[in-house]
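J.: Chains as they are written, first to last, in the numbering used here: chain U, 1 to 671; chain L, 1 to 264; chain Z, 1 to 160.
Simulated from the structure, these hints should not be mistaken for laboratory data. Fair warning: this is a prediction, and the values are worked out from it, not measured in the lab. The C-beta atom is built at its ideal place from N, Cα and C for all residues, glycine as well. Check each hint, because a few of them may be wrong.
Claimed, not checked - In silico BS3-like cross-links for lysine-lysine, where the CA-CA straight-line distance does not exceed 27 Å:
1) L:K170 / U:K440
2) L:K53 / Z:K4
3) U:K8 / U:K20
Said to hold, decoys possible - If you anchor each label on the Cβ, the simulated ranges turn out as follows:
4) Z:T123 / L:G159: 20 to 28 Å
5) L:D239 / Z:D55: 40 to 48 Å
6) U:K140 / L:G173: 33 to 41 Å
7) U:F387 / L:R56: 53 to 61 Å
8) L:Q132 / U:D30: 33 to 41 Å
9) L:A51 / U:K112: 34 to 42 Å
10) U:T26 / Z:T123: 24 to 32 Å
11) L:A75 / U:R28: 36 to 44 Å
12) U:F387 / L:G216: 46 to 54 Å
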Amino acid sequence: MSSVEFRKDLFADERSDDLKEIGKPTIRQDIRGHVTGRSPYYDDHLFDGLLHMRAVRAPHHHARIRSVDTSAAERMPGVKRVILPRDVPHNINTLLSLISFGRDDEALLQDKKIRYRGEPVAAIVAETERQARDAVAAVKVDYEVLPHVLDVEEAIAPGAPVVNDEYPNNTFDYHDLYDHQKLRFGNVEAAFASADKIVEGSYRMSPIEQAPLETCGAIAAPETNDRYVCYTSTQALFFSLGTTAKLLDMPSSRLHFIGGTVGGGFGGKVDSLHEPLAVLGARLTGAPVKYCFDRAEEMQVGAPRGAELWRIKDAITNDGMITARQFTGFFDSGAYTRLSSYAVVKGTGHLPGPYTIPNVASNVFCVFTNRTPATAMRGFGITGVDFAIERQMDRVAEAARVDPIELRIKNAYRDGDMKAHRRVAKNTALIECCQVAAGKARWQLSHEAATASSLVGGGIGWRAEIPETAIDGVGKIGERRAGNIPAEPAAGTSAGAGQTIAAGTGGESEVAVPPQSDDMLIEPGRTGYRGPSGGNGAERPAAPPSFTPSPSYQPPPSQPSYRQAPSTPTTAPLAAQQQTATPASPAPAAPTYQSERPAYTNPYASSPPSQPQPSAPARHPAPQPTNTPAGTSSGSGSRASSDKPYEPSEPFQRGVKKPGVSRFISGTRRR
Amino acid sequence: MLTVDTYPTLAEAAQNIGPGSRFLGGGTIVMRSVNYGDQSFNRVVRTTDPALKVIRAESSRVTIGVAVRMADVIASSDLDFLMPAARGVGGPAVRNMATVGGNLFAAHPYGDFTTALLALDATVRTSDGREQLLETFLADRDRFAGLVESISVARPMRGDFRFAKVSRVKPKGVSVLSVAAWLPKYSGRMQNARVAFGAMGPTPLRAKAAEQALEGATLDDAGVARALDVACEGLSPADDALASAWYRREVAPVHLKRLLLERG
Amino acid sequence: MAKKPIQFTLNGSETAVFVEGGANLLDVLRRGVGDLTPKHGCSQGTCGTCTVIIDGEPHLSCITLAELAEGRTIETTGGMGRGEVLDPLQTAFMEGFAAQCGYCSPGMLMAAKALLDRNPNPTRDEVVEAISGNLCRCTGYEPIIDAILSVAGRGYGRTA
Numbered sequence: 001m002s003s004v005e006f007r008k009d010l011f012a013d014e015r016s017d018d019l020k021e022i023g024k025p026t027i028r029q030d031i032r033g034h035v036t037g038r039s040p041y042y043d044d045h046l047f048d049g050l051l052h053m054r055a056v057r058a059p060h061h062h063a064r065i066r067s068v069d070t071s072a073a074e075r076m077p078g079v080k081r082v083i084l085p086r087d088v089p090h091n092i093n094t095l096l097s098l099i100s101f102g103r104d105d106e107a108l109l110q111d112k113k114i115r116y117r118g119e120p121v122a123a124i125v126a127e128t129e130r131q132a133r134d135a136v137a138a139v140k141v142d143y144e145v146l147p148h149v150l151d152v153e154e155a156i157a158p159g160a161p162v163v164n165d166e167y168p169n170n171t172f173d174y175h176d177l178y179d180h181q182k183l184r185f186g187n188v189e190a191a192f193a194s195a196d197k198i199v200e201g202s203y204r205m206s207p208i209e210q211a212p213l214e215t216c217g218a219i220a221a222p223e224t225n226d227r228y229v230c231y232t233s234t235q236a237l238f239f240s241l242g243t244t245a246k247l248l249d250m251p252s253s254r255l256h257f258i259g260g261t262v263g264g265g266f267g268g269k270v271d272s273l274h275e276p277l278a279v280l281g282a283r284l285t286g287a288p289v290k291y292c293f294d295r296a297e298e299m300q301v302g303a304p305r306g307a308e309l310w311r312i313k314d315a316i317t318n319d320g321m322i323t324a325r326q327f328t329g330f331f332d333s334g335a336y337t338r339l340s341s342y343a344v345v346k347g348t349g350h351l352p353g354p355y356t357i358p359n360v361a362s363n364v365f366c367v368f369t370n371r372t373p374a375t376a377m378r379g380f381g382i383t384g385v386d387f388a389i390e391r392q393m394d395r396v397a398e399a400a401r402v403d404p405i406e407l408r409i410k411n412a413y414r415d416g417d418m419k420a421h422r423r424v425a426k427n428t429a430l431i432e433c434c435q436v437a438a439g440k441a442r443w444q445l446s447h448e449a450a451t452a453s454s455l456v457g458g459g460i461g462w463r464a465e466i467p468e469t470a471i472d473g474v475g476k477i478g479e480r481r482a483g484n485i486p487a488e489p490a491a492g493t494s495a496g497a498g499q500t501i502a503a504g505t506g507g508e509s510e511v512a513v514p515p516q517s518d519d520m521l522i523e524p525g526r527t528g529y530r531g532p533s534g535g536n537g538a539e540r541p542a543a544p545p546s547f548t549p550s551p552s553y554q555p556p557p558s559q560p561s562y563r564q565a566p567s568t569p570t571t572a573p574l575a576a577q578q579q580t581a582t583p584a585s586p587a588p589a590a591p592t593y594q595s596e597r598p599a600y601t602n603p604y605a606s607s608p609p610s611q612p613q614p615s616a617p618a619r620h621p622a623p624q625p626t627n628t629p630a631g632t633s634s635g636s637g638s639r640a641s642s643d644k645p646y647e648p649s650e651p652f653q654r655g656v657k658k659p660g661v662s663r664f665i666s667g668t669r670r671r
Numbered sequence: 001m002l003t004v005d006t007y008p009t010l011a012e013a014a015q016n017i018g019p020g021s022r023f024l025g026g027g028t029i030v031m032r033s034v035n036y037g038d039q040s041f042n043r044v045v046r047t048t049d050p051a052l053k054v055i056r057a058e059s060s061r062v063t064i065g066v067a068v069r070m071a072d073v074i075a076s077s078d079l080d081f082l083m084p085a086a087r088g089v090g091g092p093a094v095r096n097m098a099t100v101g102g103n104l105f106a107a108h109p110y111g112d113f114t115t116a117l118l119a120l121d122a123t124v125r126t127s128d129g130r131e132q133l134l135e136t137f138l139a140d141r142d143r144f145a146g147l148v149e150s151i152s153v154a155r156p157m158r159g160d161f162r163f164a165k166v167s168r169v170k171p172k173g174v175s176v177l178s179v180a181a182w183l184p185k186y187s188g189r190m191q192n193a194r195v196a197f198g199a200m201g202p203t204p205l206r207a208k209a210a211e212q213a214l215e216g217a218t219l220d221d222a223g224v225a226r227a228l229d230v231a232c233e234g235l236s237p238a239d240d241a242l243a244s245a246w247y248r249r250e251v252a253p254v255h256l257k258r259l260l261l262e263r264g
Numbered sequence: 001m002a003k004k005p006i007q008f009t010l011n012g013s014e015t016a017v018f019v020e021g022g023a024n025l026l027d028v029l030r031r032g033v034g035d036l037t038p039k040h041g042c043s044q045g046t047c048g049t050c051t052v053i054i055d056g057e058p059h060l061s062c063i064t065l066a067e068l069a070e071g072r073t074i075e076t077t078g079g080m081g082r083g084e085v086l087d088p089l090q091t092a093f094m095e096g097f098a099a100q101c102g103y104c105s106p107g108m109l110m111a112a113k114a115l116l117d118r119n120p121n122p123t124r125d126e127v128v129e130a131i132s133g134n135l136c137r138c139t140g141y142e143p144i145i146d147a148i149l150s151v152a153g154r155g156y157g158r159t160a
């Protein structure tokens, strides 16, 4: 029945095959409720006297609100309450403020200026949905329509309408310094100069609506003990709880949130738009209130996967080896930040895709436009750029006259290779994936490609090393809008300032701030960790011992790295570093990579590939063990000296290290 | 606040319908407006008149009451030539509700069944006893204030009538376009051919230039070539979420060719 | 506000309820009667998750004027199976992984039941056609089609 095929032969020596569940049919634990119609979705709770809320929505992309007249609506039959922006106790928020990323930029109900079509300016609570709809139709809003911008490149041009006043340059501020997220690895300009060929491509993706069958919604009702219960369709219960507490300025202990049964989410139910208004309605009326999108709202207002635009420029050799790859990316965040700022950081960490390329540079922009705010959807931050990368690979294959699958195998990353974000690749399987796909499609591969292996040929020479890296300071906040730098966003991916970072370094964030709250320090006593001394760590050590995330450990959606400043979650090591990098002393040695890559050597070995140890060999300058808890990095000094390449005390290892347990089980789950 | 008034006959319903009211047939169009709080009406009028559910076959034509549902069309041996068009409407549940009369009023991109009727020289009989061509009726549809009683269509010879609906989602999706052709033949050559397109304008439209080009032609590549060249004359497709006007114009002749030459 | 009383048979039980003008059958079943098994997805007849069986035929309850239910016989997923003993279709859906989020399942089951009640031995094409008005965003449909086919030809309706 299933078309899933388990290729246990790959990495068989890493995985024990005594799994009891994986790969075997099983009955979902929740499916009996589904097939009997008894699974309790948020709307499957009956309340006497349930009131219905509808939002008054702006019909324009961009407009100033001159006045709102609700007098007629208030007199309509069944209307219990008209809710205006002034009724929202703390009417400003940004979703990731709960993890201190970004600045508050979005009101629950807008009173000054609407920035996308469908933005709510008021809400009506009435006895029936129909009455609420009739009353919404009776609200008169006087708008002064403003020029709007719906395209990312138009939005960053000087003179474009300012969408989001918190970010007047129409770009999210990265690290309080740049209007984009930077990634620099090696020197792309030098590689372009010596390339056999240059291949360029531009790739554009439209927004995609998650379109869950159950539209987003929530029911809130007064509960005992001065609390409010809230049944919600949310995919992010504690985001919804925290967001509601913040916007309504009430302690979260007064909020009893119940979720978990979601009628399809796919990322579209993380924005916590309904719970705050439903709870506010319940507070203001003292009655149960339901607030849900209808299908038209779900499509127009429900946050989609945002539009993306990617430009990729590759330097290639005549035989199809990619020696440099430069990205310019734009995430269309819509009118507000929501999660797009994070998607950019996440996407940057993914570059240049599953390929080992010695020179990589990227500038990625989170751009504000007058479109519906974008949010999560199934691998957001990655999916769009993967589409762009794979189309680009096809173009490279055409330019180099190399079979497209062979081209991928040729350039694929292999175990032990250094990635552009300065971590060593492991558990790579692109080559095997290509081989299986080619086999299924009866696609002829050369002997060399058919016998290549992810386990062989990686981590050798330049493939394992962090090259000398050209850096620049181009693209500071506001420069682009002021017209002080070329509008061309890729400008300055090379030696704008002529600075470099020495080879073998650059993986370290030199700035790190303490956790925002003492609460975030891990208390060994609470985690059950027993220190080296065997004690249970009852007292909090100044520097908690190493912490191996368990498989169930799940960080907040932004996955802030434990070693980096909260403003640079995931993989932003270089950009953070650039803030403090002193102009490097003259490059200590010739760049460790060669701009002309060595001829592609046949990685095929006649003997069966030997399995490299999970721990990278010591020659790998594996940059960052992530298994250090928060709070240890600030001024800890042990690795602060910048003249010595970083040398970890133990090799990079993430996830679970136990006999018989797959290395594929990661300590963190990806969205 | 909405009221629903039910009358035993169409005549009484017609007397009582007026501004601010909407006639409810199968409900697939009007109930959607009700659910979404359409402020243009606050009264729903309906009738239980059994005469509207009758399918009456005469020698060369068939009369279909407006309350006949798509499922009834599919089940009727008198209307076998319309089965593909009826099956093109919605899924089974919609076909158990949607009526022939309601389809006359379905806004773009809906109204595929009406496209089929249009190619069969349909006439529309209204509650005031007037009878008019469906084509005339559709041209003035937005200003029509009365009620329709029945629709009469020509009964084509077996094999002379063809219908196709083109959608992006399989097996069921909203129309990129639909196309219907009635191709009466006399000694192998077409006479009085009819071609109609759905979703190629605000209402289903006849492709009269293509019809003229088919006059006296044979159904082969050479015979239909001129009709394909002029297939989109007089049509005014719109951009929507399913297809751009440009795309619709590009593919309309392709689908017409497949229909005419039965290369589905 | 004038409400109208209506009576119908719901899953074998005589049911009476007052309805507001213009109320749709889905709202009346869910909030008026308390049968929460049909779900709300679109209120416009597009998604099929509100599908119920009226007099043996599948209908979309969200675009059915509630008063039209007067005197009719209505079946919902709430009436399938008896307690612990599930309907064969429900069992097939469970075993065949024919639901993920589960939100389309009540409508899918009704569409499938309406098919099998009339045609206990449908072809794959007939199954596809029968659920063509029901959207599912999780499964990709194949497990649902397979689950329905696994019940076909086993005398559906005689044992349920």
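J.: Run every hint past the structure and note whether it holds.
T.: Going down the list of hints, with the structure as the test:
Proposed proximity of K170 of chain L and K440 of chain U is supported: the alpha carbons are some 25 Å apart, at most 27 Å. Distance restraint check for K53 of chain L and K4 of chain Z: the Cα-Cα separation of roughly 26 Å lies within the 27 Å cut-off, and the hinted pair is therefore satisfied. This hinted pair checks out: K8 of chain U and K20 of chain U have alpha carbons roughly 14 Å apart, not beyond 27 Å. A hinted range of 20 to 28 Å holds for the C-beta pair T123 of chain Z and G159 of chain L, which are about 25 Å apart.
Between D239 of chain L and D55 of chain Z, the C-beta spacing of about 41 Å keeps the proposed range 40 to 48 Å intact. Separated by about 39 Å at the C-beta atoms, K140 of chain U and G173 of chain L satisfy the suggested range of 33 to 41 Å. For the pair F387 of chain U and R56 of chain L, the supplied restraint of 53 to 61 Å holds, since their beta-carbon distance comes to about 57 Å. Look at Q132 of chain L against D30 of chain U: about 57 Å separates their beta carbons, and that is not inside 33 to 41 Å.
Taken as a hint, the range 34 to 42 Å is violated for the pair A51 of chain L and K112 of chain U, whose Cβ atoms sit roughly 60 Å apart. With their beta carbons about 30 Å apart, T26 of chain U and T123 of chain Z fall inside the hinted range of 24 to 32 Å. A hinted range of 36 to 44 Å for the beta carbons of A75 of chain L and R28 of chain U is consistent with their spacing of about 39 Å. In this structure, F387 of chain U and G216 of chain L meet the distance hint of 46 to 54 Å, their C-beta atoms being roughly 52 Å apart.
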